Structure formats: C-alpha cells, structure tokens
Amino acid sequence: MNTQHLKQLAQTFGVSSAESQLHTYLQEEGKTYQQDGLGSLLTWIKSENPEAKTLMLACPLDEVGLMVQQVKEDGIHFISLEPLHQAALVNQRVQILTHQDQLIEGVIVSNENLLEKTSGELNLIIQSDQAEWVQPGDLVGFYPNFMETPRAYYSKALAVRLLNELMFSLAQENWQLPFHLVFAYVAQSTIGYRGSMTVTHKVQPDYALALTGFEHQLGQGMLMGLYDKQLVPDQKLRHQIEKHIQVQPHFGLLGNDGSFIHKSLAGIPTVSLGLPVQGLGTANEVILKEDAQAFKEGLCQLLRKLDLC
Amino acid sequence: MLDLAWLERLTSLSGIAAHEQEVALALQEWYDNHQIEHQSDGLGSVLASLAGQGKRIMLASHMDEVGFLIESVNQSYASLRPVGSWWTHLLLGQWFTVTTQDGQKIAALMGSPATHGIDSKQKEKVQAIEDCYLDFGSQAPVSPGDMVVPEANFRLMYNKDIVASKALDDRIGCFILTEVAQRLKNDVHAHVILAHTAQEEVGLRGARTATYLARADLGIAIDTTLAGDTPANQNGCRLGGGVVLSMIDSNSIAPRWLANMMAEIAKQHHIPYQYAVFNGGGTDCGNMHKMLDGMPAMTLSIPIRYMHTNSALVHLKDVQACVDLLVCFLKEEGLCTD
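Residue numbers (the working numbering), protein chains in the order written: chain A, 1 to 309; chain B, 1001 to 1338.
If you are wondering where the hints come from, they were derived from the structure by calculation, not from laboratory data.
Worth double-checking, as some hints may not be accurate.
Claimed, not checked - Pairs of lysine to aspartate or glutamate, EDC-like flavour, derived with a Cα cap of 20 Å:
hint, chain 1, residue 1, chain 2, residue 2
1, A, Lys72, B, Glu1037
2, B, Lys1055, B, Glu1029
3, A, Lys7, A, Glu242
4, A, Lys46, A, Asp228
5, A, Lys305, A, Asp206
6, B, Lys1267, A, Glu132
7, B, Lys1267, A, Glu173
8, A, Lys31, A, Glu132
9, A, Lys263, A, Asp228
10, A, Lys263, B, Asp1229
Just so it is clear, the structure is predicted and the values come from calculations on it, not from any experiment.
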C-alpha cells in the first residue's frame, strides 16, 4: 500500500459531482484514460485476444457530503446529499468548496447548548468566518484528517480512497490476462449509483466486481456481499471466486455500485467484494492494515485465476 | 412579448401520463405552423429540432399533468386512481373534467362529506385518497380508464404578471420551449433539440426515451419548483425573483461548471435569477443525466405556488427570465463550435 498516495487521495475534496480534483492523482503519465458523461474515470488493460470477455472492477470516486441551502445571519444552512445521522455531523470540521473553487473552513454546530440539551433532534448549521464567500449550491465535505497508526488507517472517505489507491496500484502492474480488464472509478456513486449506470453503458462489460466498504467487524479480511436490498450476487461468479480465494460473507441493507451494474444493459453477472470498515460514512472511518493487505492480495490472486471463458 | 393566448391553450388541454395526445397534437401543430421539424418517440414525447452548429443541446419539459383515472363507476359517482401525487386536503369540492374514450368532455365535482354533523375528530383528519369520488350529478357516459384532470381555469391575477391555472407544472415549461424556438428560429446558435416529454409525473419515463433519441451533449430540463414566499411555505425562492438555478433534487445534482456558466450568463445579460437547493422532488434531469454514457444536465425552474393543485401561480417575469437565459445560453460561442 502506497501510504503517501493514499493520504494524498484521502486529503482531496471529492464530494459527489466535484470529483474532478481526484483525477490528477489517479492518472499515470503515458497511459490513456476515458471518461463518461458524469466524470467517471476508466482505464483499460487489454488482453492479447481482441475477442476476450471484459471484466470491470468498479469502485466509487465520490464521498459523502452536504450542500449549502441558504446563508443566513445565524449561519450556513445545509442539506445532506446522502442519508447521514446527525451524530455523524455535529461538531465536525468541514471544508466548503465555493463556486469560485475556493476551499474554506467551517464547523457544523448546533445552535443549542449541548451541555443543557442532552437528547433529541438538533438544529445543525455551519459556522464559518468566511461565510461571505459562500452561496447556495456550494458543496461541503468533512475536513481532511488522515492518520496512520502501526495497525490502522483513520480518515474521512477512507474506504473509497483506499479502494481508489488499490485500483490505481493494480492498474500499474503488468497484467497478461485472458480477459480485458477495466478499472472504473465511478462518479456520483455514493449519492445514488448514478455513474454505475453510465460506466456500464460505456464499458459494456461481460462481468463486474463492485469494490466497496462494508460496515463490519474489523480483522475479517476480504468480504463478499451475499445479500443487500439491491443485489444478490451472480451465483456462478460467486462460486468461482470462492473456489480461488478466501472470503467472509457479508449480509447488509446498503447497496453499492453492483446494485445498478447487474441490472444494466441486458444484465451483467456481478459480485460485490468489500473491505471491513468501522464508521462508514463518518468523518473518521477506520480500516485495519491487515484487512487492506488481505483485500489487495485476494484481488490479485483472483485476477490471475479467474476463468471467464 | 409572451404569447398568453397560447399559454392559456396549452394549460387548458387535458393530458395525464400516457394520455398526452391532445398536448402532443397542439405542439406538433405549433411546430408545423412555424416550419420547425419534429418527431416522436415510442412513448409519445414530441422532439422538435433547430438545426445549428456545434454541440447538441437537449431542452426538456414534460407534457403530462397530475390527474386521475376513473377506477370504477357506480351510478352518478366514480372512484379514482391518482396518476401523479396529490394531497386529498386540496381536492374536495374542486371541479374536474373527464375525457371519455370517444373524446367527450364531462364536468364533475369532487364529492365531500357534509360538513354539518361531522365530529371534530373527523374534521382534523385528511380523507384518504381511496375515499375520494367524483359526482356527475346524474349518470354520465364515463367508464373505467377515462382520464380526469382539473377543470381548465386560466386567469390573470390582480397583478397581471401573475398567472393562475391548472397544469402549469409543466405546461409552462412546454410554453418556454416554444418561446425559445420562436426566438432562435432564424438565428445562429447550437443545435437544439426541444423535447416535450411524456410520463414525467409517474417516473420520468419519457426523459429516458427522449434522451435516447436526442443523443445530446448536454441537457437542460425546464420545470417548476416550490416557491417559498407564502405564509405556509418559506424557502429562498420567490415569485418574481427570476429564473431558478436548481442545484439539486432527489435524483440529480447540477454540474458546478454548468450552474456557474448559467449564473455568469445571467449576470452578463442582467437576467434575474435565484437558487433552489431541495433534496426532494425531481425533474426529467434525473433520468437525462444518467442515460447512455451520461450527459451533463441541470434544471432551470419557474417558482410556483400551489404545485399539484387545481390552480397554481407563476410570475411571468420568471418565465421571461428563463426564456432570455436559455436564448443567451444557446448562443454562447463555446456551444456553437465543435
């Protein structure tokens, strides 16, 4: 794991619809990249066989965030782009990306005294001493806060950025595969899997692996999604994967890019593979280094052994 | 000068989702009279084109209004299935027009319980929509599947710049597209596809099919958004405040560069504009932007009071601002070259 690169990605502003700043860190000189109409980034590793099947690895490019609704005298009022619990927001530092592409700082506060009010819903607003630069429609993300300890990483947007870094490093390897391999960094995924549809249309894959973070006990290695409200994995592809690498089962409610990939075009056999994460979607997600390493090794092994003929 | 007679005609036509034929025919006739080519998609959306140079820009507004289908008939009463979203509180005692299978128009009143003798607890509740019924006064030649829309009721308010009517959502958008077509017909601009979509109110369906046909580089949906300048609703949008740049809804988020571009053009040409940030509701943009390989798309909106009722209000200054902004946008040099 290239921790320096991971940190660079994690510290970059990447709220849904403003993912373009990340492109710089995900493009290698000399390589060709495609984009779809929403700003997703695609890189191909072609097989020697032009008639080979295509496998798409997809991970989100965007992170959770907010949008400024109104700037009033009492502070900056906002809406959430994704469903977020108030507990994940209160007293968090944030960055606001203004319409002039400035990044200014603020903090989400309750306009009530939390030493007196100890339960119930809160009225949350953003306070910033640069509010004069802010207008409705400006995007807000958690303040960059990457931290590394001997056993773990901590950061906002850690799961998506670690997956981005993983795909970036895999794309640099010299693969000789019997299938075309596409790495898809999906724009507007976290906000509702919108880019999942457009990348699938662009790539026209035969198979797909949706890479994601799962809220799960840490230390479990690579997880495979066996059920969520939007995807039951393709059973043939699932059994192939289980034949070649060790995965732990995950059952959840939340969807991922696979939710829309599998039912796009004429239908694409799809499986979701995930990293165990704690605090998914909060200002401080936690991933163990051993899980990240197991995920990378598992994926490499799988790519070498998968038979998609 | 906005053509209010045409706006009145457009809003008066009956057309719920999948029953937009009257509206489609009127639009096709309008485009024929103005020598502008048009075609239809498989759901009945009408797509007109203004041949231009450079980028293909799709403008979309939806033809369908919220209404009902007659579900069953019992003597002089009919039960209803809503098509689009309604709040029963606003239905009782209102006049509606039923269109029969052979095109007859029949007036009906939405029945309500007699107010005398209702206990206070019942008065506090909102009636379930399943309990709503139309009263024809006597037996009428209506059948299950007949279309029901609010009675046509176009009027100008005391301030003649404020229009009241049924179906302003989104006949006002259809009207704006024809005003833009009229202004650009003999002028240099990008290649424009004016898509009057079908079945928006039931799931943005015509937006998919029209986008598939249009193969555009960029899309703008023109629709309505909630005004927040009444005692019942407060938000940042007001009638007469200008065209609304809708930054987000439950299905789409405006690309920042496109929203900024719209704001800059508006400022340059002194066109009044305002912002809306609501993560509820949706417009055709919700499906346009994620069709095919994806397309940058946003919504320009007209602030509206009392959306999805028998009579809504819009301000003609906002309508004019939207037309002006679109015309200026479509003439931008960057869009008119490859």
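The hints, checked one at a time:
Only pairs whose Cα atoms come within 20 Å are accepted, and lysine 72 of chain A paired with glutamate 1037 of chain B is rejected, the gap being roughly 48 Å. Straight-line distance between C-alpha atoms of lysine 1055 of chain B and glutamate 1029 of chain B comes to about 27 Å, which puts the hinted pair past the 20 Å bound. Distance check on the hinted pair: lysine 7 of chain A and glutamate 242 of chain A sit about 32 Å apart at the alpha-carbon level, beyond 20 Å; violated. The hinted pair formed by lysine 46 of chain A and aspartate 228 of chain A fails the criterion: a straight-line CA distance of about 32 Å is larger than 20 Å.
With a C-alpha separation of about 17 Å, the suggested pairing of lysine 305 of chain A with aspartate 206 of chain A holds against the 20 Å cut-off. Restraint check: the Cα-Cα separation between lysine 1267 of chain B and glutamate 132 of chain A comes to about 19 Å, which is no more than 20 Å; the hinted pair holds. Our distance criterion of 20 Å between C-alpha atoms is broken by lysine 1267 of chain B and glutamate 173 of chain A, whose separation comes to about 50 Å. At most 20 Å may separate the alpha-carbon atoms for a hinted pair to count; lysine 31 of chain A and glutamate 132 of chain A exceed this at roughly 42 Å.
Annotation: proposed proximity of lysine 263 of chain A to aspartate 228 of chain A holds, straight-line Cα distance about 14 Å (limit 20 Å). Of the pairs offered as hints, the one joining lysine 263 of chain A and aspartate 1229 of chain B is violated, with about 43 Å between alpha carbons and a cut-off of 20 Å exceeded.
Taken one by one, the earlier hints fail for this structure at numbers 1, 2, 3, 4, 7, 8 and 10, listed in ascending order.
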